[in-house]
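**Q** With the hints as extra help, turn the sequences into a complete structure.
Here is how the chains run, residue by residue.
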Amino acid sequence: MNLLAPLGLAALVAIPVIILFHMRHTTPTRRPVPSLRFWEAANPRPAEARRLRRPPLSLPLLLQIAAAALLAIALARPATAAQLAALAPGLHAEPRHLILLLDGSTSMNATPGATSLSRWEAARLEALDRLAPLRQGDVATVILMGTRPVTLTATDDASLVALRERLALVAQPGGRADLDGALALAGDLFLPNLDREVVVISDGAVSADPAVVTGVHAPVTLVIAGGAEDDEERANLAVIDISARPSPSRDGTVGLYTSVANFGPQSLTVPVSLQGDGLEIGRSDVTIAGGGAVEPLRWLLPPGVTELTVRIEQADNLSADNTASLLPSETATTTIAPRILLVSDLPGALARALTAIENVQLTIEPSDNLAAIAAGGYDLVVFDRTAPSTETLSKIDTASLWIGPPVGGPFAVTEGVTDPDVARVRAGDPLLEGVDLSGATLGPTSIFTLGAGDEEIVGSTDGPLLFRTEINEQPAVVLTVDPETSNLPKRVAFPVLIANMVEALAPDGIPAAIPLGEPLVYEPRASTASVEIVPPSGEPALLPVFSTGTQDEGDTATGSIARDIVYTDTGAAGVYTVTETDAAGIDLGTTRFVVNAGHQRESDLRIDPNLASALAAASGSGVAAQREERIDLWPMLALVALLVIVAEWITALWPSVRRATKRPILRGVT
Amino acid sequence: MTSLVWARPDALWLLILVPLFALTGIWLGTRRGRLPRLALLWRLAVVTLLALGLAEPMIASGSATGGVVFVVDHSDSITAEARDAADRWLRDALAAAPLERRAAIVNFGAKPVLATAPGSARDLLGEDAAAEVTTNGATLDPTFTSISAGLGLARALPLGGGRRIVLVSDGAENVGQAIDQASQASLESVPIDVLALPGINDSDLRVDGISAPTSAWEGEPITVLAGVETGRDGPATVELLVDGQVKTSEEVDLEEGLSSRAFTLDDLAPGFHSLEVRVQGDSEVDRRPGDDRVPHGIVVRDRPRILLIVPEGADSGVMQGILERGGSEVTVTEPTGIPSRLSELGAWDGFVLDNVPAAALTFDQVAGLREATRSLGRGLVVIGGTTAYGPGGYAGTPLEDALPVTVKVTDGRERQRVALLLIMDKSGSMGYDPLGGKGKIEMAKEAVRLAARSLAEGDQVGLIVFNDRQEWIVPLTTIGDESTRAAIDRKIAAIEPDGGTEILPALSVGLDAIRNAEADARHIVLLSDGKARTGTRESYQRLLDDALADRTTLSTIAIGEDADTDLLNFLADEGGGRYHFTVRDEEIPRLTLEEARSAGSQSVIRGAFRPIQTAPSPILEGVDPESLPDLAGYDFAEAKPDAQVILTSDREDPVLAKWQYGLGRVIAWTADNGSDLAAPWTMWEGYDDFWAAAVRWALPDPERRPLTVSTHRDGADMVMTVTAAGESGDFADFLPTFATVTSSSGEPVVTQELTQTAPGEYTLRLPAPAPGAYAVEVRQERASGPLVEVAGITVPPSPETLPAPEGPSLLASLAARTNGRALSLDDPAAVWDAATSSGSPLREHRAVWYIPIGLALALFVIDIAARMGVWPMLRRLVSGSARA
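Line by line, the protein sequences give chains C and X.
Reading the first sequence from the start, the letters are residues 2 to 671 in the working numbering.
Reading the second sequence from the start, the letters are residues 2 to 885 in the working numbering.
Hints are not guaranteed to be accurate.
Computed Cβ-Cβ distance ranges for the label pairs, DEER-style [unchecked claim]:
(1) C:Ser208 x X:Glu256: 50 to 56 Å
(2) X:Glu330 x C:Pro537: 55 to 61 Å
(3) C:Pro304 x X:Asp482: 35 to 41 Å
(4) X:Ala717 x C:Pro537: 30 to 36 Å
(5) C:Val18 x X:Leu16: 26 to 32 Å
(6) C:Leu543 x X:Thr752: 49 to 55 Å
(7) X:Pro770 x C:Leu170: 42 to 48 Å
(8) X:Gly272 x C:Pro537: 50 to 56 Å
(9) C:Leu371 x X:Ala96: 23 to 29 Å
(10) X:Glu82 x C:Ala542: 41 to 47 Å
(11) X:Ala96 x C:Arg602: 44 to 50 Å
(12) X:Ala717 x C:Pro304: 35 to 41 Å
(13) X:Gln281 x C:Pro304: 52 to 58 Å
Interface residues of chain C toward chain X, partial, derived using beta-carbon atoms under 8 Å [what the hints assert, rightly or not]:
(14) Leu10
(15) Ala12
(16) Phe191
(17) Arg246
(18) Leu257
(19) Gly460
(20) Val522
(21) Val567
(22) Ala642
(23) Trp650
(24) Pro656
These aren't lab readings, by the way, just hints derived from the structure by calculation.
Even glycine gets a Cβ: it sits at the ideal position worked out from N, Cα and C.
**A** Put into structure tokens, the structure is as follows:
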């Protein structure tokens, strides 16, 4: 026990003062008498009356001393360790900042055999329990640790209630717990005049860097939530890797690589099955040594399989990582093909080059079909040696590619014509990846002028030949030369260049797989008005596509704004389906992506043996599996003092009480 | 604003004791004279103070409105000028803050640091807002930009529910996803205002990037293409450094914008080399030295070794010379010299089969060549001719399996009909034989008989003999059964030599006749031993032009020294056929038979045509398709489905086709090496380059080895991926694989085992070393022994040195998603114009419980004193001392 304000002990001087009062020889009592005559003989000597006597060991004196002592000690703020905290929650006197690092990683999904609560649920209850004693003046920050950390903060009574309610309902983030990142964030949450305390609530299957912990500059307490610490309770099997590649022999077969880990103490032989498009196409019994051993597996698959699932056919403490799925790349990148409009009166080599690009939907319209051009709904518009009217152009709200634009189009042109030769190349630019322009003969072209913000990629001595710009605040790329007057279409550089330009301008596809808990961020096609994502649970989420049109232009930022979709509920493993819909409600296409739970670190449910010692590196840490909260005892002392004062009050008044109660009896006797 | 709040307001219920004390005190104390009234008051005060103390009073102070968190970009992409402007703006903004507003400052680079803890905005003026060491001692890392991390800390700071975030950045994010943070901030109704700072732009003199191979053959010209960007015209020095030494230095006058500089290296010794392009200019245009150099690692491999296989007795000199001039080390062998074991074939990087008949190769040899291509990734070039492809019997052999074309043989449907016209000199000299033998005429007659018999049913054959005039011995006759051939034999037997030699009229008659023949291939063989007295080259040329236009070819056989060899050579050249010369009469039947077979072969399509380029290819890089010479024919084949056909005949049959076969590449050239079908090509100025490019394409890509190394930078880490192919052309799985990274100065950086992550794919993640070129030695333990590969990798400079044109767009998106604003450097006070969102602000609380508790103790003592009658005594003492 420590005294946090030892100066308060100075108040103990009250005790000798009280004793001194009691050491006075007599206690003057006001008593009415009819005459003072008889008192003259009894008049004590003044000197004797002033003499002190030994203090009487009376009950009032003892109670007064006890009350004074209790209050004086309370003023010294005695504090003690946790044992009494459960009996008297919230006995801290100074406002404090409680930072809870709540592990929401995949391993917290585990449900220890003897309990019905998962580790996550147990940890959440522990966190709520920790938040309960907080009161006005305290600040609470809860960092939910997962692949995508979530931070919740409360700074007053109302927000504390809201925080507790939200924490009771919040979804588990899932994925990998970045304890180092959370500790670093906790270290940055510095508030003056607040005692900081960091509490890590985790299953212990997480690592910490002592160097990061040192920077927290606050006590760090580790609370192990959920389950026993023995290896048997924490045993787990997991599919921790899955990937596929076409065979280098180019025979059309696809190799599937997967690895299965056993984090239990014993060697096991477990059946592992492989399903392709819902049908079992492989099975083998795999023997895996214990203690985290990994057994790699490989299958050769026939071409054409669109979805693969590897499953460990044995139950364990964490079921989510017993299955891993994969969408082979040739089917998974996206089936929502970018829609390209080619505006051309003589589609030739350009149309062939666009058609050769995999996974695009190409529509060709002549330049006089203004209605079709202005109708929109395309992800990319390609103008082949033509330019629309200003009015039509103003209606184009998507990326555009311009091949050999004529004079009079939207681009500034200076007088003159040049027979260009390639004089400048922005080496390393993505548009030129795999493009070799040496030997290209280019026909005469107008001399274009770059505007502000335009970026030249290839230039001749007279002007740009290939440059980036913006049309209607949408990205655009311009190839100034007419391919038909050059040998470009006959060179391999041409289709590669066209493909690069389409890739740069058309929206990206959805990745085939993303880590558990990591948000899906992607840009839908231009005509998409909403995106529906169906997770493995089957409950669809409808995400409106962000539109600048809904913003107040007078108050918001202006400029080109990305239309990225951000989908965050990826805490469950499985296959997610994404469907894009246009403003008229027409489906534009469906694609899928996979989230897998298995991970070398997260599937290992065993406590990191170095975790406790790493967290102990924090200054003032009291690291243990049990609570180590220090509490103030002064409220208890003050309360007891109040009770003592009440008792002393009763004692002082007791003679009156006794007389008051005896009087009727005496009357009755007389 | 200061107020009193109660941490434990429930304790105020204890105040109910006060009236109880009062009642009991009055009833039992003061009314009965046992308690002075003053003591009762003291006691009531004590109880009241204790109750108040137990309710834990606190003094709350601070703003009643929300705060603003300034999130300030301190990464390297912010120029010094921009940073100064941002600092001034921040100071002005804080100075303009209303008194009650609170603020905090978060600085960020790769990670965020809390520069100033939340407090009164004006109080922050006194603190070092630009501090790069946070309140808890963390240091800012400016080598990356993580806007996401900065916003994450700003969102987590306990300011209370109402806040705005003001992001001061150039938007050049290269770590994390700020858009995700904006999404979360939007859900919390926290607006993000943005102040866009100028970041890296194209105005500084810098190396924009370089393009160069990561691996090349020794002697192969290596082009290093560098892009140099500058903001204004001016002189600069562009240098190419090889292994730290300046290899080339150019003083150039750069114009504003982008310029390209190409350097060619052709003398790099085998091994790893560190390349670097460096640019230097005056300080006005070159203000950021960090972007002046870009490294590149390259590995130069030994010259490619080619095994040139030619038929027995054939002359290999031309092709050998072409290949050697193309930079290859060439070994010439006849079919018998080809090893059949894969390990021995692995000594060569590529094989060129030049018109080699399959029959000359053993099955093991053919299978070995196929496996060397498929499994070892060696290159294979198969050149056609009269003894290759169909005529060479490739059909059904392992060699055909490796080819991108299917060899076509006679199967009825594909059979082409041949019209063969023999024009034979029967001048008197043809009957002369000084040795007393049969004479040339007899040999010629025998040759005609053999030729007629070599043709198939349905073909046509004709014979014109000439001296001073021409005579049809056998009009063009369709060969039917044996009786047809017997009739021809009879007619030939009657030929007797006499007269002079007039070729032109006979040739003219013959061409007129064969032009109308119903045949797919028309071929004339002219035999002569004399000199024609009439006819000019022009007259012959006109005839031959017409013949070629009708797809009729002409071969000539000059017999003896007296023959007009010049004319006959000319006729064969212009006629798209072959010229033969012999002094031995016995050769006449063989040569004639060869011509007949060649013309009659079902797998050789004769007839001049100009090849048509159907697909772009590096083999024809820089070649105008219109400039390609004619071919006189080709071996009939059909492209396989996965093959890329580059050149076709006018019948759309493949002439030049290529494909990837397993790990190797194969080229099929269905014409020949220039001895016959492609004879005009030997005169083409691009002939050497054509073959050099073709062989170079077929050779294993020096960048595609059994162990291929690639790297990419992931934030502060470098991820190395090794793709391994097995000896059978399949995945190389479950093999211990190690990588040793060595700096360009030879100092080892790291040696570590890689982890398999995909079929035949191993990865290693390690902290990125300093930007530069590094050599990587990858060792994979295989059953056949360790496989070691050396590769060059490049650790690029931090992306902080590169322009990020998408930065403003990102900032605009962050603001738009959260209903934030775009702020201006000119109006710092505008920060405070917008209200924060609703929510209780964070206030500072100071506990004052000890005041009522302390007072209670003091009053308790006074209370006792009052009850003990101490006060009268004190009064007496005081008054007594006063009297004294």
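**Q** Is it true that Ala717 (chain X) and Pro537 (chain C) lie within 30 to 36 Å of each other by Cβ?
**A** For Pro537 (chain C) against Ala717 (chain X), whose Cβ atoms are near 34 Å apart, the range 30 to 36 Å holds.
**Q** Just tell me: holds or violated, for the beta carbon distance of Pro770 (chain X) and Leu170 (chain C) against 42 to 48 Å?
**A** Hint holds: Cβ distance 47 Å, inside 42 to 48 Å.
**Q** Is the distance from the Cβ of Glu82 (chain X) to the Cβ of Ala542 (chain C) consistent with 41 to 47 Å?
**A** holds, 45 Å
**Q** Against chain X, is Leu10 (chain C) within 8 Å by beta-carbon distance?
**A** Not OK, violated: Leu10 (chain C) not within 8 Å of chain X, min 12 Å.
**Q** How about Pro656 (chain C): closest beta carbon in chain X under 8 Å, or not?
**A** At about 7 Å, which falls below the 8 Å cut-off, the nearest Cβ of chain X leaves the hint on Pro656 (chain C) intact, so it holds.
**Q** Could you check if Val567 (chain C) really has its C-beta closer than 8 Å to a C-beta on chain X?
**A** holds, 4 Å
**Q** Okay, Gly272 (chain X) versus Pro537 (chain C) on CB: inside 50 to 56 Å?
**A** For Gly272 (chain X) and Pro537 (chain C) the Cβ distance comes to about 53 Å; the hint holds.
**Q** Grab the minimum C-beta distance from Gly460 (chain C) to chain X and call the hint holds if it beats 8 Å, violated otherwise.
**A** holds, 7 Å
**Q** Kindly confirm whether 55 to 61 Å is satisfied by the beta carbon distance between Glu330 (chain X) and Pro537 (chain C).
**A** holds, 59 Å
**Q** Should the hint that Ala717 (chain X) and Pro304 (chain C) are 35 to 41 Å apart at their CB atoms be regarded as holding?
**A** Check passed, 39 Å falls within 35 to 41 Å.
**Q** With 26 to 32 Å as the target window, see if Val18 (chain C) and Leu16 (chain X) comply at their CB atoms.
**A** holds, 27 Å
**Q** Given Ala12 (chain C) as an interface hint, is the shortest Cβ-Cβ distance to chain X below 8 Å?
**A** Interface hint status for Ala12 (chain C): holds (6 Å vs cutoff 8 Å).
Checked against the numbered hints above, the structure violates hints 3, 9 and 14; every other hint is satisfied.
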